[in-house]
Structures are given as C-alpha cells and as structure tokens.
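*Asks:* Residue numbers (the working numbering), protein chains in the order written: chain A, 120 to 471; chain B, 2 to 90.
It should be emphasised that the hints constitute simulated quantities derived from the structure, not laboratory data. A virtual CB, placed ideally from N, CA and C, is assigned to each residue, including glycine. There's no promise every hint is true.
[Claimed, not checked] Subject to a maximum C-alpha distance of 16 angstroms in a straight line, what follows is the list of computed EDC-like cross-link-like pairs (lysine to aspartate or glutamate): (1) A:Lys-216 with A:Glu-271; (2) B:Lys-51 with A:Asp-198; (3) B:Lys-51 with B:Asp-68; (4) A:Lys-203 with B:Glu-47; (5) B:Lys-54 with A:Asp-384; (6) B:Lys-51 with A:Glu-200.
[What the hints assert, rightly or not] Restraint ranges, calculated between C-beta atoms of paired labels, are given here: (7) A:Lys-300 with B:Gly-40: 19 to 29 angstroms; (8) A:Arg-410 with B:Ala-67: 27 to 37 angstroms; (9) A:Lys-400 with B:Ala-67: 17 to 27 angstroms; (10) B:Phe-37 with A:Lys-246: 51 to 61 angstroms; (11) A:Phe-306 with B:Leu-50: 48 to 58 angstroms; (12) B:Asp-35 with A:Gly-243: 26 to 36 angstroms; (13) B:Glu-21 with A:Ser-193: 39 to 49 angstroms; (14) B:Lys-80 with A:Ser-193: 27 to 37 angstroms; (15) A:Gly-255 with B:Glu-23: 49 to 59 angstroms; (16) B:Ala-67 with A:Ser-353: 41 to 51 angstroms; (17) B:Lys-51 with A:Gly-255: 33 to 43 angstroms; (18) A:Glu-245 with B:Gly-40: 20 to 30 angstroms; (19) A:Val-144 with B:Ser-9: 50 to 60 angstroms; (20) B:Leu-50 with A:Glu-245: 47 to 57 angstroms.
[Said to hold, decoys possible] Sample of chain B residues at the chain A side, in silico, Cβ under 8 angstroms: (21) Lys-32; (22) Ala-33; (23) Gly-40; (24) Glu-47; (25) Asp-48; (26) Phe-59; (27) Ser-62; (28) Lys-80; (29) Gln-85.
Given next are the chains, with one letter for each unit.
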Amino acid sequence: MSSTAIIGTRKGLFFVKEENGKLKVTRSEFPGVPVHYCYYDSVNGGIWAALSHGHWGTKLHFAKGLDGEFEERSCPAFDPEGKKSLKNIWSIVSDSKGRVYIGSEPAMLFSSDDLGESWTLHEGMEKISGYDQLMGGGSDESCLHSICLHPEKENSLYLGISVGGVLLSEDRAETFQWVNKGMKADFLPDPDPEMGFDPHRLMLHPKDPNVLWQQNHCGIYKSTDGAQSWIDLSDRPGLDSAFGFCVGLDEEDSKVAYFVPAISDVVRAPVNSAVSFQVTKDGGESFHTFRDGLPQENAYDLCLRHALSINKDKILFGTNNGNLYYSSNRGESFEAAFQSLPTIYCVQWVRD
Amino acid sequence: MISIQFTSNFQVIFPQSQVEVEATTVLDALKALDQFQPGLSKYFLEDNLKIRKHVNVFVNSQMWDADQDLNHEISPGSKIHIMQALSGG
C-alpha cells in the first residue's frame, strides 16, 4: 500500500503523502468545490471524485492513476418521470470485474460496467419492504453510504442505509433483504421494527467476511454470522461513548476495530470536549481509549462517517473542523498533521 | 433562435458566456445545451427536469420560479439568463 491518501473536503480534494513520518499536501483539485466522496479504484486504476456543487448539483469525475487529469463522467440519475433526483453521492466501490457501484442520496444503488459512461439503477431496491419509508438521517433524504462487497462470494454485497438499516443481496444486486436482527432503533415508537435503523457506517472484514462492524446511531454493533444477527457492544467496558459516525478495521485481524466517539445524537461533540480514539482488540469485548496527541480541552471535532482510514499501523482521521490527525502506531499517539483544512468528509489511503 | 447567457462564475465549468439554441420552450432550450457539452443541462436541471433549487433562470428578465411550467412556449429572439442563487453559496 502506498503512503498517499486522498482527502475529500468542503472546498476541494487534497492528496496527502507521508514521508519520513511527516505528511504534506502534494496536490489539490476542485478548489472551492465540495468533494463529498472520493475513492481510489485499484481495479480500474484511478480516482473517483464525487462533487457536490452548491448550485450546480452532484457531478462525478475520474482521473487515471494518481497523476491523471480529472475528467467528468456521467452521473447516475433517477427516472425523469419520477419524483426523485440525485442529491449526493455517498459511496463508490468497484468489484473485481471493474463494475463500479455508487450509493446515493436518496438511497439507491447504481452500477456502471463502462467506467461511468452509463449507469444502471438497481430497481430491486425499490421492492424491499419499507422502501417508501426510508428517512433522512442528518440530511434531508435517506442515503446509501456503505457498500461492502463479499471478498469470496462475487454475487454478495451488503448495503448500509441511513435511515433504513443493512441490506444483503446474494444475486449481484438484483434482489435485497433486510438483515437487521439485533439492532435497536430507539428513535422510533417501536424500537424493534423490520427496518428503520440507522447504521452510520458499515464495514465487512476483507479476510473474515462473516464479520461485519457497524457504528450505528444507537451504538456499536458487530456480526460474526454474515449479518444474520447483530451483537450490541455499547455497554462494553472502556468505551468513552458508543455514539459516533465512523469505523475502521484492521485488514489482518477481524477482532480489531477503531472508532472516534462523540457524546450522543443530541450533543454531537467529543466527550468532555476532548477528542478520543477508541480501539478494541478482542472483538468488542472491551475497548481502550487513546488520547495522546489529540486535543483534550475545548475541542469540538467530529469525525464524519468516511473520514477514518487505516493502513496497517498508519491511521488518519479528519474532522468537521478541518483537522487531520495522523498516527503511525495504531492510535497509541497522534499528531495534528493539518489544523486548518476545510471540513473533511472523506479520508482514504490509496490501496494498490 | 434563443440566446442563453451564463453567469460569469460558470466559466470555470463551461468557457462560453453565451450560446444560441433552436427551441420553442424553456425546457427544450435548456436541454439543447447538451449539444455544446454532454450533460451541461444537468448543471441547471434536476433528474426530474425541475430547475435546481439554487439556480436562478430568467426568461426575458423575468425570474422563472421552480414551480413554473418549463414547457412554456417562448418566442424566437427570447433571452435566457442563468445565474447562481446566493442561497446556494
């Protein structure tokens, strides 16, 4: 894996390179334009940038390699005869055959087999139970923010939707079913519905694919049976808080997971105004909180759902306040690599 | 012909400040922009062909409300101005 990361922010896309333990910005693109999501596509050999212009709507750009010029590609779109319009792109991922999936707001899955020349809307999502009841969570409309491809079963994928829950497809995104058993939705009159849950971020372990982790609106969850059931870990010892937006995984060890907590949905700020970084190494039975190098007073950083990225020992997380924190020792200590970037939406180490 | 003029702020995306198109409705005029750059009309129109929330379209200096019918006929020589709304900044 390279030592370069791409950073999508409120005012552009930044390339950050780590050299001798220090980070520097090596390239910036789209000055002043919100880059709501960015993705290094190792299969197709380039970088996707999802722009969210304040006036002109969502646009999609692709650049070959790390040095290529960005070119606009067509954007996924809803039926012009319908009521829905694309509001934002929340996730992009490519499968081993080069198919590119996009998750949108309003929540919908699109895919392209021609590198964004054309897009297919996966109509099976509209047939899931409760599709018309999907709600916005932090934004006006529902969003499909997590697309997790099964590393061994090429037809299987999981989707995380705010607000809806977790969907599983086993036929390459033709049909879907909810897999929400064990989750809570304490913001609904019935806290145990079939759907209506709010996973803030969903991740599938790449080498132990029965294991999924979730930072949810209502706590931290883990599954060890391919999302057939979810275990609530919110009361485990050592947690600063079970509320947050992001989750990070260790590629080698499915028992390791990382979180950046906030107080609660009502108070979306660090506990005691002190930024912390939560780690479990035993599958969520216990947690340890690291603070070294993170601001411990008067701090109001929030790490948004795509703004944490793990590259073996190296950890980067960015915040709504434009701080980018870097650790070279799995979170035991951090340094503020940058403290005045724009609001950071997305952080991603470039994967080969 | 219908004249379409763009806010100068749009020139980072499309270099021409003005184009002329053949059209008989506001919607057709906006859709005709795709001949100059693929997808250009979608900078101003939502998927469902409504004017974007933070785009202001003026037809002969009259602001076109997002709820107004874009299929309204316009006469040859009409001028359309496309501006960014301050609300979207």
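*Asks:* Could you grab the alpha-carbon distance between Lys-216 of chain A and Glu-271 of chain A and see if it respects the 16 angstroms cut-off?
*Replies:* holds (13 angstroms)
*Asks:* Hint Glu-47 of chain B vs chain A: min CB-CB distance below 8 angstroms?
*Replies:* holds (4 angstroms)
*Asks:* Regarding Glu-245 of chain A and Gly-40 of chain B, is the given constraint of 20 to 30 angstroms on their beta-carbon distance met?
*Replies:* 25 angstroms Cβ-Cβ, so the 20 to 30 angstroms window holds.
*Asks:* Hint check: Lys-51 of chain B vs Glu-200 of chain A, CA-CA at most 16 angstroms. Holds or violated?
*Replies:* holds (11 angstroms)
*Asks:* Just tell me: holds or violated, for the beta carbon distance of Val-144 of chain A and Ser-9 of chain B against 50 to 60 angstroms?
*Replies:* violated (29 angstroms)
*Asks:* Should the interface hint for Phe-59 of chain B be scored as holding, given a Cβ-Cβ cut-off of 8 angstroms against chain A?
*Replies:* violated (15 angstroms)
*Asks:* Mind checking the alpha carbons of Lys-203 of chain A and Glu-47 of chain B for me, to see if they're no more than 16 angstroms apart?
*Replies:* holds (9 angstroms)
*Asks:* Please check whether Lys-80 of chain B and Ser-193 of chain A have a Cβ separation lying inside 27 to 37 angstroms.
*Replies:* The hint (27 to 37 angstroms, Cβ to Cβ) holds, given that Lys-80 of chain B and Ser-193 of chain A are roughly 29 angstroms apart.
*Asks:* Can you confirm whether the C-alpha distance between Lys-51 of chain B and Asp-198 of chain A stays at or below 16 angstroms?
*Replies:* The hint holds at about 12 angstroms.
*Asks:* Taking 8 angstroms as the limit, does the beta-carbon of Asp-48 of chain B come near enough to a beta-carbon in chain A?
*Replies:* holds (4 angstroms)
*Asks:* Go ahead and decide if the range 33 to 43 angstroms is satisfied by the Cβ distance of Lys-51 of chain B to Gly-255 of chain A.
*Replies:* violated (19 angstroms)
*Asks:* Take the C-beta atom of Arg-410 of chain A and the C-beta atom of Ala-67 of chain B, compute their distance, and say whether it sits inside 27 to 37 angstroms.
*Replies:* violated (49 angstroms)
Comparing the model with each earlier hint shows violations of hints 5, 7, 8, 9, 10, 11, 13, 15, 17, 19, 20, 21, 22, 26, 27, 28; every other hint is respected.
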